[in-house]
Amino acid sequence: MKKKILVVDDEKNMRLLFQEELTDEGYDVILADRGETALRMIREERPDLVTLDIKMPGEDGLSVLRKIREIEYDLPVIICSAYSVYKSDFSAVAADHYVVKSSNFDELKSKIREILSY
Amino acid sequence: MSSRDIPYNFTAINEEALEKLKETGHADIIIGIPSYNNAKSIGRVIKAAELGLAKYFPSLKGLIIISEGGNIEETQRAVNALTDKHYFENAFIPRPENETGILVAKYLGPSGKGTAVKAILEAGKFLGFRAGCMLDADLRSISPEWIEMLIAPVALKNFGFVTPYYSRHKYDGTITNMIAYPMTCALYGRRVRQPIGGDFGFSPELAESLLAKDVWESDIARFGIDIWMTTTAICENFRICQSFLGAKLHDDKDPGKDLSPMFRQVVGTIFSLMESYEGKWLQVKGSRPTAIFGFESEAAPKPIEVDPENLINKFKDSLPLCMTVLKEVLSPENLQKVEEIAGMDHALFELPEEIWIKSLFDFAIAYTKSPGGLGPDDVIEALVPLYYAKVASFVRKTINLDSHQAEEIINQQRYIFEKLKPYLAERWGLDHKRGVTG
Numbered sequence: 001m002k003k004k005i006l007v008v009d010d011e012k013n014m015r016l017l018f019q020e021e022l023t024d025e026g027y028d029v030i031l032a033d034r035g036e037t038a039l040r041m042i043r044e045e046r047p048d049l050v051t052l053d054i055k056m057p058g059e060d061g062l063s064v065l066r067k068i069r070e071i072e073y074d075l076p077v078i079i080c081s082a083y084s085v086y087k088s089d090f091s092a093v094a095a096d097h098y099v100v101k102s103s104n105f106d107e108l109k110s111k112i113r114e115i116l117s118y
Numbered sequence: 119m120s121s122r123d124i125p126y127n128f129t130a131i132n133e134e135a136l137e138k139l140k141e142t143g144h145a146d147i148i149i150g151i152p153s154y155n156n157a158k159s160i161g162r163v164i165k166a167a168e169l170g171l172a173k174y175f176p177s178l179k180g181l182i183i184i185s186e187g188g189n190i191e192e193t194q195r196a197v198n199a200l201t202d203k204h205y206f207e208n209a210f211i212p213r214p215e216n217e218t219g220i221l222v223a224k225y226l227g228p229s230g231k232g233t234a235v236k237a238i239l240e241a242g243k244f245l246g247f248r249a250g251c252m253l254d255a256d257l258r259s260i261s262p263e264w265i266e267m268l269i270a271p272v273a274l275k276n277f278g279f280v281t282p283y284y285s286r287h288k289y290d291g292t293i294t295n296m297i298a299y300p301m302t303c304a305l306y307g308r309r310v311r312q313p314i315g316g317d318f319g320f321s322p323e324l325a326e327s328l329l330a331k332d333v334w335e336s337d338i339a340r341f342g343i344d345i346w347m348t349t350t351a352i353c354e355n356f357r358i359c360q361s362f363l364g365a366k367l368h369d370d371k372d373p374g375k376d377l378s379p380m381f382r383q384v385v386g387t388i389f390s391l392m393e394s395y396e397g398k399w400l401q402v403k404g405s406r407p408t409a410i411f412g413f414e415s416e417a418a419p420k421p422i423e424v425d426p427e428n429l430i431n432k433f434k435d436s437l438p439l440c441m442t443v444l445k446e447v448l449s450p451e452n453l454q455k456v457e458e459i460a461g462m463d464h465a466l467f468e469l470p471e472e473i474w475i476k477s478l479f480d481f482a483i484a485y486t487k488s489p490g491g492l493g494p495d496d497v498i499e500a501l502v503p504l505y506y507a508k509v510a511s512f513v514r515k516t517i518n519l520d521s522h523q524a525e526e527i528i529n530q531q532r533y534i535f536e537k538l539k540p541y542l543a544e545r546w547g548l549d550h551k552r553g554v555t556g
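Residue numbers (my numbering), protein chains in the order written: chain A, 1 to 118; chain B, 119 to 556.
Only chain A is shown next, with the shape it has when bound in the complex:
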């Protein structure tokens, strides 16, 4: 059965790029454009892993991450942010991994494979 990945990002083009890259890897990809939607989809769609942007309108990614850890304690989350500066924010330690966005998806794909193999 295909693993389901929830991509949370406020930029439409970025969501579509993630969808294309991860679908090619054989994952079932679902999309959310903001934190509130993501939390609802986590409850309803039960994804196997979440990729989470940080800078989003409304609730930011680190706040969403804290809420994810309360409702789905063990759900794997990879932060995908254009900013490396949040990596040193202590809240980010609750994520499985932190990837700085780039046109190269190799690191993200490799981490997803690794985490989903646990």
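Hints listed in this document are in silico derivations from the structure and should not be mistaken for laboratory results.
Just so you know, not all the hints are guaranteed correct.
Mimicking EDC-like on lysine to aspartate or glutamate, the simulated pairs with C-alpha atoms at most 16 Å apart in a straight line are [said to hold, decoys possible]:
{"#": "1", "chain 1": "B", "residue 1": "Lys158", "chain 2": "B", "residue 2": "Glu192"}
{"#": "2", "chain 1": "B", "residue 1": "Lys275", "chain 2": "A", "residue 2": "Glu70"}
{"#": "3", "chain 1": "A", "residue 1": "Lys109", "chain 2": "A", "residue 2": "Asp48"}
{"#": "4", "chain 1": "A", "residue 1": "Lys111", "chain 2": "B", "residue 2": "Glu536"}
{"#": "5", "chain 1": "A", "residue 1": "Lys2", "chain 2": "A", "residue 2": "Asp28"}
{"#": "6", "chain 1": "B", "residue 1": "Lys515", "chain 2": "B", "residue 2": "Glu525"}
{"#": "7", "chain 1": "A", "residue 1": "Lys87", "chain 2": "B", "residue 2": "Glu525"}
{"#": "8", "chain 1": "B", "residue 1": "Lys515", "chain 2": "B", "residue 2": "Asp425"}
{"#": "9", "chain 1": "B", "residue 1": "Lys537", "chain 2": "A", "residue 2": "Glu114"}
{"#": "10", "chain 1": "B", "residue 1": "Lys476", "chain 2": "B", "residue 2": "Glu536"}
{"#": "11", "chain 1": "A", "residue 1": "Lys101", "chain 2": "A", "residue 2": "Asp10"}
{"#": "12", "chain 1": "B", "residue 1": "Lys403", "chain 2": "A", "residue 2": "Asp74"}
{"#": "13", "chain 1": "B", "residue 1": "Lys403", "chain 2": "A", "residue 2": "Glu114"}
{"#": "14", "chain 1": "B", "residue 1": "Lys275", "chain 2": "A", "residue 2": "Glu72"}
{"#": "15", "chain 1": "A", "residue 1": "Lys4", "chain 2": "A", "residue 2": "Glu21"}
{"#": "16", "chain 1": "A", "residue 1": "Lys4", "chain 2": "A", "residue 2": "Glu44"}
{"#": "17", "chain 1": "A", "residue 1": "Lys3", "chain 2": "A", "residue 2": "Glu21"}
{"#": "18", "chain 1": "A", "residue 1": "Lys87", "chain 2": "A", "residue 2": "Asp60"}
{"#": "19", "chain 1": "B", "residue 1": "Lys165", "chain 2": "B", "residue 2": "Asp202"}
{"#": "20", "chain 1": "A", "residue 1": "Lys87", "chain 2": "B", "residue 2": "Glu416"}
{"#": "21", "chain 1": "B", "residue 1": "Lys165", "chain 2": "B", "residue 2": "Asp256"}
{"#": "22", "chain 1": "B", "residue 1": "Lys224", "chain 2": "B", "residue 2": "Glu192"}
{"#": "23", "chain 1": "A", "residue 1": "Lys87", "chain 2": "B", "residue 2": "Glu414"}
{"#": "24", "chain 1": "A", "residue 1": "Lys87", "chain 2": "B", "residue 2": "Asp520"}
{"#": "25", "chain 1": "B", "residue 1": "Lys173", "chain 2": "B", "residue 2": "Glu217"}
{"#": "26", "chain 1": "A", "residue 1": "Lys109", "chain 2": "A", "residue 2": "Glu20"}
{"#": "27", "chain 1": "B", "residue 1": "Lys403", "chain 2": "B", "residue 2": "Glu544"}
{"#": "28", "chain 1": "A", "residue 1": "Lys87", "chain 2": "B", "residue 2": "Glu526"}
{"#": "29", "chain 1": "B", "residue 1": "Lys224", "chain 2": "B", "residue 2": "Glu191"}
{"#": "30", "chain 1": "B", "residue 1": "Lys445", "chain 2": "B", "residue 2": "Glu499"}
{"#": "31", "chain 1": "B", "residue 1": "Lys434", "chain 2": "B", "residue 2": "Glu499"}
{"#": "32", "chain 1": "A", "residue 1": "Lys2", "chain 2": "A", "residue 2": "Glu25"}
{"#": "33", "chain 1": "B", "residue 1": "Lys203", "chain 2": "B", "residue 2": "Glu217"}
Starting from the known structure of chain A, arrange chain B on it as the hints suggest.
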């Protein structure tokens, strides 16, 4: 039937304390302070606990329990000195209608922090508590907010165990950074940054589970109580989180000058627990993060000076004395590499990650399997020179890095521990098989 109705033999609480607990009847929150002659510092901890309870949980009934292993009269005097409660006014915190009780009791049983903790857990069980925390009696940096951060995740968010997340200097907590943290991650798959922190929050269910363990007469509960509680909480599947508490102030320790008995106690307990939870850790691959709460302040922790040259000298001086044991403990490849490293110039000296980690894994196996009739203390004693070498290498690698960058190095090390775990599992399995078949 609630857990309070099940007959339980309270073995660590004395008669007088039991009578006081009966008078108290019930408490929603317990704050335990294991103490051993900490009369000079305990007043500050009690004040912070009282203020924290009044500020953040004013409607709940709290009890502060000081579980003393030393001079109880001195501790009682320190508590009596707090009777005017002026610190509530100073902190702009209204005094609660039901003032927090303070119980000072000398625990019964083997001397040590483990028994002090047991008495606190038993008191909590007797009182039917809803959330509890433990605080070190010699804390200098505690504030009332610590009570909120340790209690709220249990009382409000249903977590079973709350571990501290301190802001520490890169050279503070080297036993944690080099051994306890990466070993806990690699073995049990849960990234708990301060597994031996000493200040914890806990649920009644976890307290119940800990009290039911048959370890209270052993060295595990006596000396390695913090790592034992963390490991048990992980392995028994309690929901664990971390709370940011800011800086933790304590006396400076240069690992080369003052390697306390803590090294022996913590490392020995980590190794012992590998036997108890063999069925768990052999199944674990990688590690998962742990939820975190709080607000990170930018206050820089006090710098700690570590002299790597002193550590390298200690490694080189003490290694020959341990060679007989090392030949029994280390794999031939690791032994050869350690000997080569001992011959290196100071300027080029480095203990590579892989050699350190594989050697540590060799020691874990030797500790539990006693090759050549070695006792556990002999094994830990022989690990000390390698630990010096590891700390020296870490200090050299991070000397120009800030704390965040050093933290990245620590997490890279943690990742290598996880990647090399198959080496441990394979050697553990072979050694066990050898033991079974003779």
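Consistency of the hints with the structure:
no.	hint	verdict
1	B:Lys158 - B:Glu192	holds (9 Å)
2	B:Lys275 - A:Glu70	holds (7 Å)
3	A:Lys109 - A:Asp48	holds (14 Å)
4	A:Lys111 - B:Glu536	holds (14 Å)
5	A:Lys2 - A:Asp28	holds (6 Å)
6	B:Lys515 - B:Glu525	holds (12 Å)
7	A:Lys87 - B:Glu525	holds (11 Å)
8	B:Lys515 - B:Asp425	holds (13 Å)
9	B:Lys537 - A:Glu114	holds (11 Å)
10	B:Lys476 - B:Glu536	holds (11 Å)
11	A:Lys101 - A:Asp10	holds (14 Å)
12	B:Lys403 - A:Asp74	holds (14 Å)
13	B:Lys403 - A:Glu114	holds (10 Å)
14	B:Lys275 - A:Glu72	holds (12 Å)
15	A:Lys4 - A:Glu21	holds (14 Å)
16	A:Lys4 - A:Glu44	holds (12 Å)
17	A:Lys3 - A:Glu21	holds (14 Å)
18	A:Lys87 - A:Asp60	holds (14 Å)
19	B:Lys165 - B:Asp202	holds (11 Å)
20	A:Lys87 - B:Glu416	holds (15 Å)
21	B:Lys165 - B:Asp256	holds (13 Å)
22	B:Lys224 - B:Glu192	holds (12 Å)
23	A:Lys87 - B:Glu414	holds (13 Å)
24	A:Lys87 - B:Asp520	holds (14 Å)
25	B:Lys173 - B:Glu217	holds (12 Å)
26	A:Lys109 - A:Glu20	holds (12 Å)
27	B:Lys403 - B:Glu544	holds (14 Å)
28	A:Lys87 - B:Glu526	holds (10 Å)
29	B:Lys224 - B:Glu191	holds (10 Å)
30	B:Lys445 - B:Glu499	holds (14 Å)
31	B:Lys434 - B:Glu499	holds (15 Å)
32	A:Lys2 - A:Glu25	holds (10 Å)
33	B:Lys203 - B:Glu217	holds (10 Å)
When held up to the earlier numbered hints, the structure conflicts with none and fits them all.
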